[in-house]
Amino acid sequence: MTRYILRRLLIAIPTLIGITILIFLAMRVLPGDPLAMTMSEASGKYVLSEAELAQARASLGLDKPYYQQYLAWMKEVLSGNLGHSFWTKEPISALILRRGPITAEIALMAVLFSWLVGVPLGMVSAFWRNSLLDYLSRMAITLFIAVPSFWVGLLIVLFTVLVLTWRPPLSIVQLWEDPLTNLSMTVLPALALGLGLAAGQARMTRSSALEVLYEDYIRTARAKGLAEKMVMWRHVFKNAMLPVITTSGLALGGLLGGAVSVERAFGVPGLGTLLVQALNDRDWMMIQNLVLIYGVIFAAINLLVDLSYAWFDPRIRYE
Amino acid sequence: MSEFSSTISNKPPLWATDATPATPGLLKRGWRALLRFMHNSPVGTIAALIWILLILIAIFAPSLAPYAPQEADYGAIRQAPSAQHLLGADDIGRDVLSRIIFGARITLLVSIVSVLIGDLIGFFWGVTSGYLGQRFDLISQRVLDVLMSFPALILALLLLVAIGAGLTTVIIAIAVTRIPSSARVIRSVVLSIKETAYVEAARSVGVRPWRIMLVHIAPQCIAPLIVIATLNLGAAIFAESALSFLGLGIPPPAPSWGNMLGGVLAASFRPSWWLVIFPGLAITISIMAANLLGDALRDFLDPRLRSRLN
Numbered sequence: 001m002t003r004y005i006l007r008r009l010l011i012a013i014p015t016l017i018g019i020t021i022l023i024f025l026a027m028r029v030l031p032g033d034p035l036a037m038t039m040s041e042a043s044g045k046y047v048l049s050e051a052e053l054a055q056a057r058a059s060l061g062l063d064k065p066y067y068q069q070y071l072a073w074m075k076e077v078l079s080g081n082l083g084h085s086f087w088t089k090e091p092i093s094a095l096i097l098r099r100g101p102i103t104a105e106i107a108l109m110a111v112l113f114s115w116l117v118g119v120p121l122g123m124v125s126a127f128w129r130n131s132l133l134d135y136l137s138r139m140a141i142t143l144f145i146a147v148p149s150f151w152v153g154l155l156i157v158l159f160t161v162l163v164l165t166w167r168p169p170l171s172i173v174q175l176w177e178d179p180l181t182n183l184s185m186t187v188l189p190a191l192a193l194g195l196g197l198a199a200g201q202a203r204m205t206r207s208s209a210l211e212v213l214y215e216d217y218i219r220t221a222r223a224k225g226l227a228e229k230m231v232m233w234r235h236v237f238k239n240a241m242l243p244v245i246t247t248s249g250l251a252l253g254g255l256l257g258g259a260v261s262v263e264r265a266f267g268v269p270g271l272g273t274l275l276v277q278a279l280n281d282r283d284w285m286m287i288q289n290l291v292l293i294y295g296v297i298f299a300a301i302n303l304l305v306d307l308s309y310a311w312f313d314p315r316i317r318y319e
Numbered sequence: 320m321s322e323f324s325s326t327i328s329n330k331p332p333l334w335a336t337d338a339t340p341a342t343p344g345l346l347k348r349g350w351r352a353l354l355r356f357m358h359n360s361p362v363g364t365i366a367a368l369i370w371i372l373l374i375l376i377a378i379f380a381p382s383l384a385p386y387a388p389q390e391a392d393y394g395a396i397r398q399a400p401s402a403q404h405l406l407g408a409d410d411i412g413r414d415v416l417s418r419i420i421f422g423a424r425i426t427l428l429v430s431i432v433s434v435l436i437g438d439l440i441g442f443f444w445g446v447t448s449g450y451l452g453q454r455f456d457l458i459s460q461r462v463l464d465v466l467m468s469f470p471a472l473i474l475a476l477l478l479l480v481a482i483g484a485g486l487t488t489v490i491i492a493i494a495v496t497r498i499p500s501s502a503r504v505i506r507s508v509v510l511s512i513k514e515t516a517y518v519e520a521a522r523s524v525g526v527r528p529w530r531i532m533l534v535h536i537a538p539q540c541i542a543p544l545i546v547i548a549t550l551n552l553g554a555a556i557f558a559e560s561a562l563s564f565l566g567l568g569i570p571p572p573a574p575s576w577g578n579m580l581g582g583v584l585a586a587s588f589r590p591s592w593w594l595v596i597f598p599g600l601a602i603t604i605s606i607m608a609a610n611l612l613g614d615a616l617r618d619f620l621d622p623r624l625r626s627r628l629n
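If you're matching them up, the sequences are chains A and B in order.
Heads up: the first sequence begins at 1 in my numbering, then just goes up one per residue.
Heads up: the second sequence begins at 320 in my numbering, then just goes up one per residue.
Hints were generated in silico from the structure; no laboratory data involved.
One thing to keep in mind: the hints can contain errors.
[As the list claims (entries may be wrong)] Per the computed footprint, the stretches of chain A lying under chain B, defined by three or more beta-carbons under 8 Å from a beta-carbon of chain B, are:
# : region
1 : 136 to 145
2 : 149 to 161
3 : 256 to 263
4 : 273 to 282
5 : 286 to 296
[What the hints assert, rightly or not] Listing some non-contacts, in silico: residues in chain B with all C-beta distances to chain A over 12 Å:
#  : residue
6  : Pro343
7  : Gly344
8  : Leu346
9  : Arg351
10 : His358
11 : Ala367
12 : Leu375
13 : Ser382
14 : Ala391
15 : Tyr393
16 : Ser511
17 : Asp614
Even glycine gets a Cβ: it sits at the ideal position worked out from N, Cα and C.
Produce the entire structure from the sequences given, and follow the hints as far as they go.
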């Protein structure tokens with residue numbers, strides 16, 4: 001296992017370097033210069049004069065060659081300095097620390113929801129396959145996999161506003177400050193994100209349980225007279241969970257992307273809202289470091305998924 | 320040996336009797352395959368019909384839409400669905416039905432073109448990386464790792480900020496996010512074909528690598544490619560609508576299903592339900608049809624893909 005972890009960590013390093021290079025190139029080489037984007041904004045936004053621009057460039061180190069800029073950025077990031085917002089001058093790390101927990105909370109609750117709903121649904125569906133119940137649950141799965149999460153979010157908001165005449169609070173309240181207010185802000189977005197995910201989990205659980213059901217050891221278990229309940233939980237369920245765990249990890253990463261549009265639908269001030277705001281304001285240092293954060297978190301989740309896979313299935317370690 | 324072969328040549332072999340008809344023409348075979356598909360998978364057939372309908376709507380949008388999509392009727396601002404405006408009117412009195420019909424043009428154009436570009440690149444990527452292997456494979460896999468290290472939407476956002484929002488750039492950004500999935504699946508298919516006897520045989524008689532890839536390997540990957548591309552269509556529609564919803568995709572005056580949902584809730588304290596429901600339904604139906612068609616094609620063309628795609 002240690003060898004596997006080391007090898008997997010070694011693979012992660014070039015990927016992380018690749019992420020930083022991709023972000024760096026996207027932010028600089030393609031449009032010419034990050035500040036040129038700020039300049040060319042003609043829609044009534046603040047436009048810098050030539051002198052201000054030159055000064056801003058020098059202060060941000062943009063007049064240096066690319067490789068020096070890249071190394072300088074890496075040095076700052078590695079020493080934990082994520083810089084400041086170009087417009088509001090707020091430190092980016094403080095913004096992330098304030099808004100990150102909300103997004104993380106939404107994403108984790110969505111995964112939790114998908115387990116609580118998706119896994120039992122998939123098991124039931126596999127166990128009584130081709131029954132009416134299976135048929136109905138497969139229809140629901142097909143529907144909820146296709147429905148865009150942000151639209152579900154809009155529908156929920158529409159319902160709460162029109163029918164319940166209630167709007168969620170919009171200020172940032174952390175879970176540890178005021179749990180109730182915080183939850184009233186995060187539960188519904190988590191539900192919007194979780195529905196599609198639950199459908200995905202149910203589908204995964206169903207197909208993986210069906211596969212396990214035809215394994216020899218299940219026949220053995222039944223042949224030796226084990227109660228059906230035991231067969232289902234001890235043998236089928238345990239073995240069917242492996243792909244489900246893997247997909248949850250990957251889904252958690254995908255949720256970070258999905259959360260951007262769901263947060264927008266609810267107006268929740270999370271990390272995604274911050275990113276969209278930064279994109280609209282052309283706040284390039286913020287974009288650069290936020291996207292980096294997303295990339296690093298996603299890479300870390302992938303790593304954990306691979307490790308958990310190897311933990312649960314020893315065959316992987318010796319590949 | 321000669322004695323043996325002469326006995327065979329006297330009598331036609333058992334399998335060459337009239338039970339085996341001559342190979343029918345391409346048209347006829349295609350027709351038969353279509354009938355078989357319709358018989359095997361009624362759901363897939365309905366999904367295909369929905370997509371044909373969507374494409375027809377997109378093509379004939381100008382003659383189908385009751386109003387021009389940008390035409391603002393200030394007397395009809397936020398009018399609920401009625402005989403004049405079947406699906407209601409938006410904040411500046413534009414007809415929602417007409418905008419959805421014209422929106423189909425943009426949404427289908429973006430999704431189909433981006434999937435074509437992305438999956439063809441992924442196809443060549445997967446075939447070469449899978450067949451050539453070694454260092455080339457290692458490097459290209461690491462590049463894919465990097466592309467896959469971002470949630471698709473975040474990657475598209477990053478590319479859009481680099482190249483600016485607009486129709487072409489949205490297509491490019493979504494196309495890039497589609498590359499890794501097809502490259503990975505095609506590569507895994509290639510790896511198994513590479514070990515087959517006929518590829519081995521071709522290699523041992525000295526056929527050049529590019530020719531083996533072109534003649535022996537690529538044709539085997541076309542069925543998987545079709546399946547992945549169909550499944551990716553749904554993902555591309557989702558990506559386009561999410562980007563446009565965020566105001567970072569198709570710029571507003573032009574109608575896209577995603578940007579129609581954009582400012583809907585911010586506009587007023589009492590949001591109009593028809594502005595939320597109908598564009599979202601259009602998105603959902605087209606994504607669902609693409610997914611169902613993809614599943615049906617997978618089961619029809621290559622059932623072994625099921626495990627690879629998961």
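Results of checking the hints against the structure:
1. 136 to 145: holds (count 3)
2. 149 to 161: With 7 residues in contact (Cβ-Cβ under 8 Å with chain B), the coverage given for the region 149 to 161 of chain A holds.
3. 256 to 263: Contact hint for the region 256 to 263 of chain A vs chain B: holds, 5 residues under 8 Å.
4. 273 to 282: With 5 residues close enough to chain B, the hint holds.
5. 286 to 296: With 4 residues in contact (Cβ-Cβ under 8 Å with chain B), the coverage given for the region 286 to 296 of chain A holds.
6. Pro343: holds (35 Å)
7. Gly344: holds (37 Å)
8. Leu346: holds (33 Å)
9. Arg351: holds (28 Å)
10. His358: His358 (chain B) is indeed farther than 12 Å from all Cβ atoms of chain A, at 20 Å.
11. Ala367: holds (16 Å)
12. Leu375: holds (21 Å)
13. Ser382: holds (29 Å)
14. Ala391: It holds; Ala391 (chain B) is separated from chain A by about 20 Å at its closest Cβ, greater than 12 Å.
15. Tyr393: holds (24 Å)
16. Ser511: holds (16 Å)
17. Asp614: The assertion about Asp614 (chain B) is violated, with a minimum of 9 Å to chain A.
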